[in-house]
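Q: The lines below spell out each chain.
There are 4 protein chains.
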Amino acid sequence: MAHRLGIVGASGYGGAELLRLVAAHPALEAAVVAANAQVGTPVAALFPNLAGERVFDAIDVDRLAGLDAVVLATPHAVALDLGARLHDAGTPVVDLSAAFRLSADGFTTWYGDEHPRPDLAAGDDRHLDAVAYGLPEFHRDAIRAARLVANPGCYPTASLLALAPLAALVVPGTIVVDAKSGTSGAGRAAQDHLHFAHVHGDLAAYGAPTHRHTGEIERWLPGELGPVSFTPHLVPMSRGLLATCYATLADGVSAAAVQDALRAAYDAEPFVHVLPSGTFPHTKAVAGSNGCQLSAVTDERTGRVVVTAAIDNLGKGAAGQALQNVNLLLGLEETTGLTAIGVYP
Amino acid sequence: MAHRLGIVGASGYGGAELLRLVAAHPALEAAVVAANAQVGTPVAALFPNLAGERVFDAIDVDRLAGLDAVVLATPHAVALDLGARLHDAGTPVVDLSAAFRLSADGFTTWYGDEHPRPDLAAGDDRHLDAVAYGLPEFHRDAIRAARLVANPGCYPTASLLALAPLAALVVPGTIVVDAKSGTSGAGRAAQDHLHFAHVHGDLAAYGAPTHRHTGEIERWLPGELGPVSFTPHLVPMSRGLLATCYATLADGVSAAAVQDALRAAYDAEPFVHVLPSGTFPHTKAVAGSNGCQLSAVTDERTGRVVVTAAIDNLGKGAAGQALQNVNLLLGLEETTGLTAIGVYP
Amino acid sequence: MAHRLGIVGASGYGGAELLRLVAAHPALEAAVVAANAQVGTPVAALFPNLAGERVFDAIDVDRLAGLDAVVLATPHAVALDLGARLHDAGTPVVDLSAAFRLSADGFTTWYGDEHPRPDLAAGDDRHLDAVAYGLPEFHRDAIRAARLVANPGCYPTASLLALAPLAALVVPGTIVVDAKSGTSGAGRAAQDHLHFAHVHGDLAAYGAPTHRHTGEIERWLPGELGPVSFTPHLVPMSRGLLATCYATLADGVSAAAVQDALRAAYDAEPFVHVLPSGTFPHTKAVAGSNGCQLSAVTDERTGRVVVTAAIDNLGKGAAGQALQNVNLLLGLEETTGLTAIGVYP
Amino acid sequence: MAHRLGIVGASGYGGAELLRLVAAHPALEAAVVAANAQVGTPVAALFPNLAGERVFDAIDVDRLAGLDAVVLATPHAVALDLGARLHDAGTPVVDLSAAFRLSADGFTTWYGDEHPRPDLAAGDDRHLDAVAYGLPEFHRDAIRAARLVANPGCYPTASLLALAPLAALVVPGTIVVDAKSGTSGAGRAAQDHLHFAHVHGDLAAYGAPTHRHTGEIERWLPGELGPVSFTPHLVPMSRGLLATCYATLADGVSAAAVQDALRAAYDAEPFVHVLPSGTFPHTKAVAGSNGCQLSAVTDERTGRVVVTAAIDNLGKGAAGQALQNVNLLLGLEETTGLTAIGVYP
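Heads up: the sequence lines are chains A, B, C and D, in that order. To convert, note that position 131 of the first sequence is 131 in my numbering; the numbers rise steadily by one, no gaps. To convert, note that position 1 of the second sequence is 1 in my numbering; the numbers rise steadily by one, no gaps. To convert, note that position 113 of the third sequence is 113 in my numbering; the numbers rise steadily by one, no gaps. To convert, note that position 9 of the fourth sequence is 9 in my numbering; the numbers rise steadily by one, no gaps.
Calculated from the structure, these hints are not laboratory results. Cβ coordinates follow ideal geometry from the N, Cα and C atoms, glycine included. Some hints here could point you the wrong way.
Partner residues aside, some chain A positions facing chain D, computed with beta carbon under 7 Å [unchecked claim]:
(1) LYS180
(2) ALA197
(3) HIS198
(4) ALA204
(5) TYR206
(6) ALA208
(7) PRO227
(8) SER229
(9) VAL235
(10) GLY240
(11) THR244
(12) THR302
(13) VAL306
Coverage of chain C stretches by chain A, computed from C-beta distances (three or more under 8 Å per stretch; other residues unrestricted) [to be verified]:
(14) 188-197
(15) 224-238
All chains, full assembly: derive it from the sequences and hints.
A: In structure tokens:
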């Protein structure tokens with residue numbers, strides 16, 4: 001019998017991508033599809049790929065608490081409250097927002113508000129028995145043991161997959177992450193800067209140097225690697241995210257050591273594919289999938305390593321990874337429902 | 001145990017899409033992946049979504065003849081020979097080219113050459129026991145009974161799905177099909193007019209009024225509906241095809257009769273979704289899937305019906321439909337491996 | 001000394017394109033740049049190509065009435081009032097909206113409201129001394145003589161340029177116009193269906209069969225050609241509009257007669273370029289310009305002619321044509337400030 | 001009377017953009033439009049925006065030598081020969097290739113071949129009386145005095161405009177340039193990786209860390225700033241280039257000092273616009289123009305400055321800048337024919 005999943009905030013892109021993925025998942029059923037601003041609206045009216053009669057449900061905490069798992073795809077202000085209540089009710093939760101990714105202090109630094117439940121802030125090492133940072137490649141056991149999983153942001157997912165294996169090989173304070181994302185990462189709300197006529201044929205940076213994902217990358221990089229320069233860019237594509245990550249290699253670290261570290265980290269991973277050095281990841285290779293492609297080149301002239309990592313921001317960068325975490329929480333095979341290959345060309 | 005499938009011409013977009021679909025098909029295995037111009041090249045070198053060590057095989061007819069089914073995704077000149085040889089050897093074949101879609105005479109008219117095997121020309125009614133036109137919604141029984149299936153062209157698929165249910169309701173000689181396709185329909189070969197810098201921000205018609213798909217649409221429209229005006233356009237997107245079809249309604253045909261005819265044709269069909277009149281199909285709603293969305297509006301002022309049908313030209317317009325036909329040929333459930341939903345947004 | 005031009009509704013795409021064009025016009029100065037919803041906002045904040053300190057002005061009719069000419073780029077409800085007041089004050093006006101394009105009755109039919117100033121409705125032949133339909137290729141003398149010019153809609157511009165020269169050659173009641181436009185034609189307002197993530201990789205029809213431009217095309221086609229089937233589509237590009245126009249040729253009309261008619265109409269026209277039959281117009285060839293490219297093919301099988309016409313919807317389809325009309329109104333050389341070539345690729 | 005200009009390599013994008021610009025230049029006439037592989041082909045067959053009967057000429061050095069100036073838009077191997085011969089004949093030359101940008105040694109390091117004319121290698125300080133590096137904002141006097149101008153590469157143009165004003169403020173060895181370009185920068189040749197279906201919805205790095213523009217950036221950065229990490233990316237747009245440049249600020253350099261340095265460099269420059277810190281340049285704001293927009297943010301946490309600079313790779317990155325250099329060589333006003341504003345949206 002299928003596990004009953006609740007999706008809250010299902011009218012956004014992350015929620016809708018989950019609906020698409022759950023429809024192909026053999027052991028999950030979308031029992032509740034909630035979106036407070038769209039109660040009663042047919043799902044197909046917002047997402048024409050999701051045909052059928054289903055309408056959005058209201059958010060009903062009691063009903064959600066009775067499900068086998070709940071994914072929150074809401075703004076972090078909503079998730080702070082809802083995530084805590086569902087956690088307290090004993091319901092397994094994966095939260096796509098930033099509500100529980102940092103420590104309480106980190107949350108205040110980057111998001112401006114006091115954290116209402118410091119005991120559920122994954123970034124605080126003292127609370128890792130209750131809550132896990134949902135990057136399975138580095139926190140798999142913690143996720144399995146937790147009841148509340150803070151799903152990583154799209155930029156941190158790609159950046160951490162690129163850099164975490166090399167943390168011991170690079171010089172603190174030298175990391176630059178230049179990241180590029182398609183527009184679906186900015187959410188569904190109709191905004192002037194997301195108008196097709198403005199984005200088509202355009203490219204720009206935004207939010208640097210204080211984009212909130214900076215703090216998340218710094219928090220979850222292993223070791224003490226210091227502040228990171230992070231610059232996101234908006235690229236004229238719907239899906240896809242590429243992180244180009246620069247760091248100075250520590251003395252004596254060879255090109256081979258870099259490749260060895262990546263292989264050691266990912267050879268057994270089902271979703272992360274290391275390409276040969278000199279072959280560069282393409283976002284379209286993983287479009288619509290939960291995959292990540294990455295590769296590294298080392299530069300003797302500058303002493304730097306350059307790692308690029310490509311994901312689908314709605315896949316491994318959001319809903320795909322959330323489903324991977326749901327699988328872990330429910331004791332299912334981690335890859336269930338996530339084996340689809342990138343849609344190319 | 002999985003049926004062993006051969007894919008010939010796998011280095012093109014149709015072949016690669018088949019590889020993507022077969023990877024998710026529970027009862028098929030891609031036993032041979034042939035591409036004569038790319039023998040030994042890793043598949044991943046051409047299609048970065050298809051990771052792994054696999055390389056393209058040479059075309060070996062004997063080896064292909066021993067498989068459970070073969071899909072040909074080659075130019076029609078190659079398919080004429082290969083399809084006939086495999087058919088004669090008793091191997092079930094689905095051919096994506098135009099080799100077997102018309103009658104022998106029709107083939108000569110539209111493709112210029114004499115047909116080497118008139119007995120395998122699906123467009124000749126006398127040979128429908130040997131070969132079927134692979135539009136399952138209208139030729140399902142013939143496909144199940146055949147050993148050679150001529151998979152429809154991308155434009156004819158959308159045009160026929162739009163118009164066939166209305167054939168008895170419209171005036172002969174009044175049909176106009178204005179169709180628009182993404183660039184993957186033009187194939188993988190690097191050509192000047194497919195350069196990104198030329199297609200981006202551009203739109204143009206091409207090939208009218210003698211595009212070869214015109215004859216295929218005319219042949220497979222039910223009844224005697226006369227010549228069709230068909231104008232294809234190249235649209236700046238990778239996948240997606242929309243056919244906007246106009247016809248004058250016969251005297252006394254009501255708007256309700258049009259909707260009834262569409263519902264009668266498609267209510268039981270798993271892949272064709274009729275949208276309410278006034279709601280228009282979007283190609284992106286079916287991107288990456290085997291679905292077709294269509295809807296019709298009637299216009300009392302002009303007496304015309306306008307039907308628009310959206311498909312993924314590589315899905316229902318090529319590889320998806322081919323797999324649907326393979327399922328039918330092999331006695332599998334028709335929807336097996338084809339239930340993926342469109343990737344939106 | 002430069003003529004002083006007022007632009008009202010300058011915060012929309014049509015108005016901003018006018019600002020771009022006027023900046024390169026040697027005999028015009030943008031004396032007033034009004035946008036009621038953006039008074040005080042820097043122009044550069046909305047249009048980053050228009051650098052500088054200029055801010056949007058308020059709409060002040062007295063001030064506008066003192067200028068040498070005014071272009072209205074507002075919704076038709078605003079233009080109905082403002083256009084009439086400026087006209088009554090004796091100020092030359094070019095109106096980009098639909099306010100004055102039809103007859104009073106036609107306006108009511110297609111726009112739902114009673115026309116407040118039937119004496120200024122260009123579509124009523126009795127009033128052509130006061131107001132002209134601003135398609136210079138067919139109404140040049142009327143424009144020169146008028147004080148109020150109703151600038152054609154983007155779709156009618158392309159459709160009429162394609163079909164008007166052939167009006168005497170085709171069978172009434174057989175015209176189908178299948179048109180495709182980039183998203184800037186839908187205006188600047190942030191709307192869900194114009195979100196980049198929705199339009200990218202997507203294509204759909206909309207508004208058929210009752211899009212308001214249908215009535216405008218019918219009104220301004222010469223002769224009595226009957227109702228027209230008009231279907232617009234939204235295409236994933238920012239600028240560019242293509243009209244694919246079908247009509248049945250009258251008995252005995254030859255392919256040569258069609259080409260002769262086009263050449264007779266346009267050989268002396270500076271902005272309309274007839275391509276050889278079989279060469280198809282590309283929207284990108286005229287991007288950023290006031291040009292129109294068109295070509296016709298005739299089809300003996302169906303008896304139809306197919307004419308495709310490409311324009312920049314913001315150029316010849318809006319601001320470029322408005323400037324052409326301003327030049328005519330002010331007695332300037334018609335091509336002044338409009339000689340820029342399409343930006344390709 | 002117009003100066004007679006020769007354009008060699010006019011069938012490529014750089015050459016065609018020059019043709020477009022020269023058509024609007026009041027003091028230049030394209031006297032020769034040469035492209036050896038396309039002699040006799042109508043220009044309009046390759047560039048549909050350039051209507052008319054003109055055909056490509058053959059390359060005839062004697063004829064070119066008699067012109068007032070020649071722009072070379074050929075591969076560097078051709079330019080090495082042709083540029084030297086025209087220079088020796090006393091004809092003013094602007095070369096768009098890399099032939100004369102580096103020192104002879106630098107050329108060998110980055111391009112592999114020995115330089116046939118070290119005395120014409122702009123990168124060698126001893127020869128700056130004969131040849132100039134064509135970045136007018138920093139080498140205006142040298143360009144005016146020279147007879148051979150090495151037009152900068154597209155990536156170096158944006159990178160140097162971003163970084164050169166800050167050269168004295170940053171720590172050597174800390175520069176990272178992460179650059180992104182539209183596909184027209186890769187040239188017109190039909191190549192698999194430039195197929196629309198591959199680029200659409202895709203993003204990838206390429207060529208790092210040894211792209212040849214790295215050496216050009218290093219050579220022309222003022223002072224001794226050491227090796228630079230340079231990573232170019234291919235972005236799904238036709239035109240547009242953005243360079244995101246990172247460097248560690250020297251001790252005690254304030255945010256205000258950074259802004260002051262940019263203003264001091266560019267306040268009097270007609271083509272470079274410094275945006276307020278926190279406002280980010282958009283490539284589309286300068287599309288089709290010779291403009292550059294740039295802005296800088298400083299980051300106290302990391303001690304870095306991040307400068308982004310946006311240009312049209314065919315404008316300020318190629319043909320626009322070439323025309324600016326022609327203006328300087330011929331003693332014309334530098335901005336003549338280059339005042340067009342970016343085409344937005």
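Q: Are the hints correct? Go through all of them and say.
A: Verification of the supplied hints:
Because the smallest distance between the Cβ of LYS180(A) and any Cβ of chain D comes to about 6 Å, under 7 Å, the interface hint for this residue holds. Evaluation of the ALA197(A) hint against chain D yields a held restraint, the C-beta minimum of about 4 Å falling below 7 Å. Against a cut-off of 7 Å between C-beta atoms, the interface hint on HIS198(A) holds, since the closest Cβ of chain D lies about 6 Å away. Annotation: ALA204(A) was flagged as interfacial toward chain D, and the flag holds, the nearest CB pair being 4 Å apart, inside 7 Å.
Given the 7 Å rule on beta carbons, the hint for TYR206(A) holds: about 6 Å separates it from the nearest Cβ of chain D. Interface restraint check: ALA208(A) against chain D, minimum CB-CB distance 5 Å, threshold 7 Å, status holds. The beta carbon of PRO227(A) comes within 4 Å of a beta carbon in chain D, closer than 7 Å, and the hint placing it at the interface holds. Contact between SER229(A) and chain D, as hinted, is supported at the beta carbon level, the nearest pair being about 5 Å apart and thus within 7 Å.
The beta carbon of VAL235(A) is positioned within 7 Å of a beta carbon in chain D (closest approach about 6 Å), and the interface hint is therefore held. With a least beta-carbon distance of about 6 Å to chain D, the hint placing GLY240(A) at the interface is held under the 7 Å criterion. A cut of 7 Å between beta carbons decides the hint on THR244(A): the least distance to chain D is about 6 Å, and the hint holds. For the restraint placing THR302(A) at the interface with chain D, the shortest Cβ-Cβ distance is roughly 5 Å, inside the 7 Å limit, so the hint holds.
With 7 Å as the threshold, the beta carbon of VAL306(A) comes within range of chain D, its nearest partner Cβ sitting at about 6 Å, so the hint holds. Counting residues of the stretch 188-197 of chain C whose beta carbon lies closer than 8 Å to any beta carbon of chain A gives 8, which meets the minimum of three for the stated coverage. Figure legend: the stretch 224-238 of chain C, annotated as covered by chain A; annotation consistent (3 residues with Cβ-Cβ distances under 8 Å, at least 3 required).
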